[in-house]
Amino acid sequence: MAIETEPGTTQHPGGGQPAGGAARRPWWMRPAIHTGLIGAVIGYAFGHWLGNLIASGYQQVGTSDQNDTAIVLGYLFMVIGWLAGLGVFNDLFKQMAGRRLAEAENGNGPGGLAQYFRFHLDHKVVGIQYLVGMIIYFCTAGLLAMGIRTELLSPVHHVFSSATYIEIVGEHGTMMMMLMTSVILGPFGNYLIPIMIGSKRVAYPRLEALSFWLTPAAFMILLSALLLGGFHMGWTGYPTLSIQDTSGADAYAFAFGLMGISMTLAGFNILVTVICYRAPGMRWSRLPMFVWGILGTAVMMALAAPVLSGGMYMLLTDRTVQTAFFTDQLGGSTYLWEDVFWFFGHPEVYILALPGFGIVCELLPVFTRKPLFGYKVAAAGMIGVTLLSFFVWQHHLFDSGINPDMRPLYMLTTEMISIPTGFIFLVGMGTLWKAKIRFTVPMLFCFAFFFNFLIGGISGVFNSDAPADVTEHGSFFVMAHFHYTIMGGLIFAFMGGCYYWLPKMMGIKLNEKLGYWHFWLMFLGFNSTFMPLFAVGWLGQPRRVFEYALRLQTLNDWVSISSYVLGFSILLFVINFVWSTVVTRVRETGNPWESRGLEWQIPSPPPAYNFEHVPVVLSGPYEYGSEGSEPVADLNPPVGVLAAAFSGSETARAEA
Amino acid sequence: MSLPVRVGTLLVAFLAVVGGAIFVVIHYLLAGPPTVDFTSQAAPGQPVHIVLQEAPQTTVSDRPDWVSYFIQDPASHQWVHTTLFKVPAGSMIDVTVLGYDGCTPLRNPFWGKISGTVGNVEYVNGKPTQVLNSWGECSVAHTFSIPGIGLNVPIASPTTLAANNNLCGTSPCTSGPHTTVTFSFKAPATPGSYFWQCRIPCGLGFLDGFGGPMQTIGYMTGEMEVAG
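As given, the protein sequences belong to chains A and B, one line each in that order. All the letters of the first sequence, read from the start, carry residue numbers 1 to 656 under this note's numbering. All the letters of the second sequence, read from the start, carry residue numbers 1001 to 1228 under this note's numbering.
This is chain A alone, in the form it adopts within the complex (with noise of 0.2 angstroms):
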């Protein structure tokens, strides 16, 4: 195993060696956002100017009005720029140039609020930077849907024109789907991973440290689209459409693409850090749920996002340099595409779903202070859905091509990942049980998350029937049952996950009472926002269409006026985090949930390196309720301990 047990010298994530000198720079000097926004500047200039040069005489840029080779090289550029500007490649150099590393260079010195703009290798601070990433990619796309559900409060009179409606759906659609990959596992799979696992680090810091500093480019990029006209043809991006659409295709691909690499390298790290980075005693059978969940969720990562920005950049090569991958009339297939997506969409589902389990998983013991029912139960679940998740992809393309004789297939395999989530659920139902619930915060977003996913998930298997979906496909029902599985779902675990692990994450707690506003707001606007889309759908509502039947129209302003509920609860959410985190700032330092779990037994934040000693695993983190358990870890273990662990000796272990 993998591990650095007691190292002689101090240990500094990523591998860098303090030297002095670097630190003396002033601030404005270091590697930060602000030169990495430098970096972008010119990286994008000097690509759209290389674009131009090569492609602006081609025939096809002449007559379309419209240089894609710039625009992508631009891009390109810019990218790489902004990793140079934030010093991502500094320490590649010098240690090719054979000089030492310098730590403060790199973001590793002291801490304070600087920390959080740098390219930095402290799992914690990158965890930090996901969160706040994230909210706001969040706050973003849900102001884009506030956009969308205001056009629909008329079918006559108009917000947004037709062409302006799809690009804000696109644009939300898109955003919620690439970047809402990472909301938990980013903030929360980065940060705790390592602490529950008893591992001072994770395993590749730098790959860590670049799949967020991707993220932020990924968001520009695609907001970029806006200002090129936008893409049409939604977040699926169906050839041939997205092949003749405007220059914001171009963004849409690149930034889909770029969200695809920062998975992989998100995916990677996770996966190595939990099968090598585990301390001892922690075996498989210990592992926290929401490690399981957050482990199926990188190996979904890391199998299914390369073919995602593989298809992308093929996509980008047909717009830009004539490739013909997805151009039927030139040899190439656009029924490709829908596989080259969706062997990576629909995985994404469960990459949406997982971290959801996981942490719902973690919390019913927690607050019903009862073992997790059916331990094996859930991690087989969790393995099921992973595995499963590969075999079901085709049901999206019940009605846009597919055999006829695969269907019964796809649709079985379908209906059978019920079967693995169901488990979830039986576990989840198992552990309330006679339980003494505390009704905090966090463990009302866990009963929520299991009534919006019962809804979610039976209306998914009238989708995954093939008869049933000729009817349903692209309308608002399909609409209605994503939103109740990834918004009902991850969002509402990632609200719990946020109210249970901010104490520990930032040493501070946030407000209940808001806190409590903020859920039955949420719980009650999404409900009401959500549940009548069923019934639009059925009715006939088509997806990504501005107008609509005039006796439809009092169920869409219900909707609408829901969602404005839905959208000041997540207002209410962003006020009591920044109130509490920048403005009263109240410490909470201990184990206010009193939890068993390995993260909770070091203090609030955890210091550097988390650990002070790596600590032996003695018992699993659901044991409550247990006479006689033993403490989930022994945090000091007498020297002699771990060798003996690592030494695979029965005689050592005794003698230990």
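Because the hints were derived from the structure by calculation, they are not lab data. You may find that some hints are simply not true.
[Said to hold, decoys possible] To spell it out: a stretch of chain A is covered by chain B in this simulated footprint if at least three of its residues, at any positions, have a beta carbon under 8 angstroms from a beta carbon of chain B; those stretches are:
id, stretch
1, 157-163
2, 347-361
[What the hints assert, rightly or not] Beta-carbon label-pair distances, calculated as ranges:
id, chain 1, residue 1, chain 2, residue 2, range
3, A, Leu412, B, Val1007, 55 to 61 angstroms
4, B, Gln1041, A, Ile42, 51 to 57 angstroms
5, B, Tyr1028, A, Pro408, 17 to 23 angstroms
6, A, Pro404, B, Ala1162, 50 to 56 angstroms
7, B, Val1007, A, Gly310, 44 to 50 angstroms
8, A, Met29, B, Val1007, 27 to 33 angstroms
9, A, Met416, B, Gly1008, 44 to 50 angstroms
10, B, Gln1130, A, Pro408, 18 to 24 angstroms
All C-beta atoms, glycine included, are put in the ideal place defined by N, C-alpha and C.
Could you slot chain B onto chain A? The hints should help.
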């Protein structure tokens, strides 16, 4: 960091974000081509006269090579680079289209058939026509089609090679070879937005010609707003 500094920083950041959001909404989401209003010009019971032109390029925009429609403002008689216009519900609409663009063979002869106009007829340089056969000769430039009311009018192009080689070079066109197509149709009694477009793939440089101006409002697609 002291509390006033934290709160001050927060306020500055908040204002910057709100300012940025408002800028994007106003300049990109709510911005668009203007709507030419024909409702105020229409006398009750009298037909509305709309004059359009199709230009082979759009030199007034940042897409100079894109083909585009223009609409003549009924008050100022200036050409406006837009494809949005507003008419009274249930009114009779008399349309004149000045076809300055050259011919593009129809991909589908179905679009050569006139439908949805009064008498299912259009007048090409004053000559009543029910079908423009672009298979026999290259005689159609674009179409003016409103799918929501079943309207399809192919716009004839100058037919001679010499004319097609000497199309007007700046837009909006004021001189050069062109055809004059007129037709009438009845606006729907139901208020709402009615999408209209050209049916001939005229987005040069895009896959199959369906991109660019074909899908961009202000060029070859637009909306007819029917006011109640």
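Cross-check of the supplied hints:
Counting residues of the stretch 157-163 of chain A whose CB lies closer than 8 angstroms to any CB of chain B gives 6, so the stated coverage by that chain holds, three being the minimum. Counting residues of the stretch 347-361 of chain A whose CB lies closer than 8 angstroms to any CB of chain B gives 0, which falls below the minimum of 3, so the coverage claim is violated. At roughly 58 angstroms, the beta-carbon separation of leucine 412(A) and valine 1007(B) lies within the given 55 to 61 angstroms, and the hint holds. Look at glutamine 1041(B) against isoleucine 42(A): about 53 angstroms separates their beta carbons, and that is inside 51 to 57 angstroms.
For the pair tyrosine 1028(B) and proline 408(A), the supplied restraint of 17 to 23 angstroms is violated, since their beta-carbon distance comes to about 46 angstroms. At roughly 55 angstroms, the beta-carbon separation of proline 404(A) and alanine 1162(B) lies within the given 50 to 56 angstroms, and the hint holds. Restraint check, valine 1007(B) to glycine 310(A): a C-beta distance of roughly 47 angstroms satisfies the suggested window 44 to 50 angstroms. Between methionine 29(A) and valine 1007(B) the CB atoms are about 29 angstroms apart, so this pair conforms to the stated range of 27 to 33 angstroms.
Take methionine 416(A) and glycine 1008(B): their Cβ atoms lie about 56 angstroms apart, and the range 44 to 50 angstroms is violated. In this structure, glutamine 1130(B) and proline 408(A) break the distance hint of 18 to 24 angstroms, their C-beta atoms being roughly 50 angstroms apart.
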